[in-house]
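Colleague: Going down the list, the sequences are from chains H and P.
Using our numbering, you'd call the opening residue of the first sequence number 9 and step up by one each time.
Using our numbering, you'd call the opening residue of the second sequence number 36 and step up by one each time.
Any given hint might turn out to be false.
The following label-pair restraints were derived from C-beta to C-beta distances [as the list claims (entries may be wrong)]:
id, chain 1, residue 1, chain 2, residue 2, range
1, H, ASN159, P, PHE56, 50 to 56 angstroms
2, P, ARG393, H, LYS83, 16 to 22 angstroms
3, H, GLY191, P, TRP63, 51 to 57 angstroms
4, H, ASP92, P, ALA77, 47 to 53 angstroms
5, H, VAL206, P, TRP41, 26 to 32 angstroms
6, H, LYS83, P, ALA379, 44 to 50 angstroms
7, P, PHE56, H, GLY314, 51 to 57 angstroms
8, P, ALA379, H, TYR22, 33 to 39 angstroms
9, P, ALA77, H, ASP76, 51 to 57 angstroms
Derived by calculation from the structure, the hints in this document are not laboratory data.
The beta carbon of each residue, even a glycine, is placed where N, CA and C say it ideally should be.
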Amino acid sequence: MSDRIVFEDVSKFYGEILGVNRVNLSIPPGITSLVGPNGSGKTTLMNLMTGLVKPSRGRIEVLGCRTDDSENLFKFVGYSTQFDAFPKGLTGFQFIHSYLCLSGMPPQEAQRLAWQAIERVNLVDAASRKIAAYSKGMRQRIRLAQALAHNPKVLVLDEPLNGLDPLARSEMIEFFRASAAEGCYVIISSHILHEVDVISDQVILLSNGYVVAEGQIQSVRSEIQEHPTQILVRCDRPRDLAAKLLQSEYMIEVSIHKDGRGLLLKTRDADRFYLAMNQLALDGIQIESIAPADDDVLSVYEYLIGNEEVVR
Amino acid sequence: MNRLWWTQVKAVIRLELKKTFFAKRGLWIYVVAALPVALFVAYAVAMANQHHRSASIARQGEKALSYQDLLAIKPGMTDEQVVGILGRPPLRFHWTENHPTGPDSPPEQIQHEDYHYSDGQNDLYVGLANGKVQSIHIQEANNLGETAVMFAGVFQFFFLRLAIFFGCLGIFMNLFRGEVLDKSLHFYFLAPIRREVLMAGKFLAGLLATCTIFVTSEILQTVAFLWHFNPHARDLYLYQHHGLEHAAIYVGVTVLACIGYGAFFLVAGMLFRNPIIPAAAILIWEGINPFLPAILKQFSVIYYLKSLCPVEIPVSPGTPGLFALLISNADPIAAPLAITGILAVAMVALFVSSVQVRRMEINYTSE
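Only chain H is shown next, with the shape it has when bound in the complex (with noise of 0.2 angstroms):
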């Protein structure tokens, strides 16, 4: 059995349209975060590896096992669609105890299974009330409910924070955390680029059904070359600094902090330029910290993307 949600030149297209276009991806266990403008393909690939679709080309295997094998695929994946609508006449408890027993599981143990994901998303109170009388968040909940319900290796969640409260966010996140810990695969998308930022182990970004980048945020910002590393200088003499700085050829730019107690410089070799800071710590300037201020995900995505549909 593979370790790795595979995909291999895979493209899919709707009629004429382009959903996603030769997708070559490996994906290992942590949190993996799909990022990109709306209708980049964020979705598309979740429903191609979890075979709600069918690729047009190419081949999909989660954890070794074919996206068409939907009997063997959902007893180690959970999807959380976007799609906001739900089988009839259903309460809270009914939805995830009627999706635990199409499973095949018997009925005591899908009840306790049921009982404790709605637990886990905060729903206990409002489990015996009609899903048509949620509310968004609610819904968004019993959703994230059902794909954590048997406990998946793979889980697979589109805009899962989408109408949560802040409390519940954290719950959440925290939850994808632990998850990621014991080795499960998260894969998320999302639009909200500084949750990604906190959470991702590793990014995707898709731009136009094309992927971008992949792999994790500081060596994907690492591979853009056209654009300087920005890096953050925390020392107690930034003009002197500056001005001894600004000599060297690799420093494009450099200003003085607005709290002025630091310095923001630009860079073409940011190896280089590390060297070169052990050198200046020597000549007397105290450096309290140097950071990079450019290898999170916003940074990251405004140089390969743009910044289109960005929420910060």
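Please arrange chain P on chain H, whose structure you already have, making use of the hints.
Modeller: What follows is chain P alone, placed relative to chain H:
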């Protein structure tokens, strides 16, 4: 089928039955199923009233009459002769007609009388003019044989071809199509269940629903159709004249019709977005079945069902050729062959459905 699949099928049936039985958009199916019941109830009420009226007239008569007594009256007899045979009429109407005889002569007056007799079941209407029998009409009591033919007609031409046909259309076409329109089909597709098992569960749920609705209707029709007959005639029909056997066959044909049309409409619901097109196509196909070559006839549900119906509907002399062909069953086949045939047709349709369900994608935006 292994145990897991069967458990999953039961879970699908539980979910689907709730939706099928209580769906607002399916209420018309109950109306369609209830229509023939209402027809037979109305018929039974009318017949019972007529029976009560005949019995009342017979009681009012001077003497107890037999059917032979009623037949003894002939045209040309005098009113005395009629009264001599049948006694004074329990019901009598009379009026005078001014009959013109010429432009200059006064009109001739004709004394008309109507006598109404009954032996308790059959009614005799005697029309007299100036004391002589001019017309005789015997309204015979409703007999079970004729009513059984009427029942067969309603069953074949309304219940099978329209009620069950459209009922199955409403239920089976919505099994997948309805959920695509509601955008909730992904609920099933995200569960660890084989698509074929899901399809089987949905088909069985649809079958259970249609069989419950239409078999109940069929039983109620039979009860209504037999209700107004006296217990002796009823027992004679049920136990001596194969009435019970016929009733069981009608129930069996109803179930087979649900299987056949259900399988057809299940696959149609997956292949077509607009239900009107396949419904019209299948309705026409079933309608022109008698005119099709033998090989094509076999790909039809009605071809097999007609052969299984227990009562042949007689074609009256003078019925136009095409219409007669539609009524009669020109080349009936043996019951085992018919049952096998309809099940085979259903299996072919279910096989196509299982191929189609594996190909289905969730793409609600294209709907």
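Colleague: Does each hint hold? Answer for all of them.
Modeller: Hints, verified against the model:
no.	hint	in the structure
1	H:ASN159 - P:PHE56: 50 to 56 angstroms	violated (34 angstroms)
2	P:ARG393 - H:LYS83: 16 to 22 angstroms	holds (18 angstroms)
3	H:GLY191 - P:TRP63: 51 to 57 angstroms	holds (54 angstroms)
4	H:ASP92 - P:ALA77: 47 to 53 angstroms	holds (48 angstroms)
5	H:VAL206 - P:TRP41: 26 to 32 angstroms	violated (47 angstroms)
6	H:LYS83 - P:ALA379: 44 to 50 angstroms	violated (35 angstroms)
7	P:PHE56 - H:GLY314: 51 to 57 angstroms	holds (54 angstroms)
8	P:ALA379 - H:TYR22: 33 to 39 angstroms	holds (37 angstroms)
9	P:ALA77 - H:ASP76: 51 to 57 angstroms	holds (55 angstroms)
Hints 1, 5, 6 from the earlier list are contradicted by this structure; the remaining hints agree with it.
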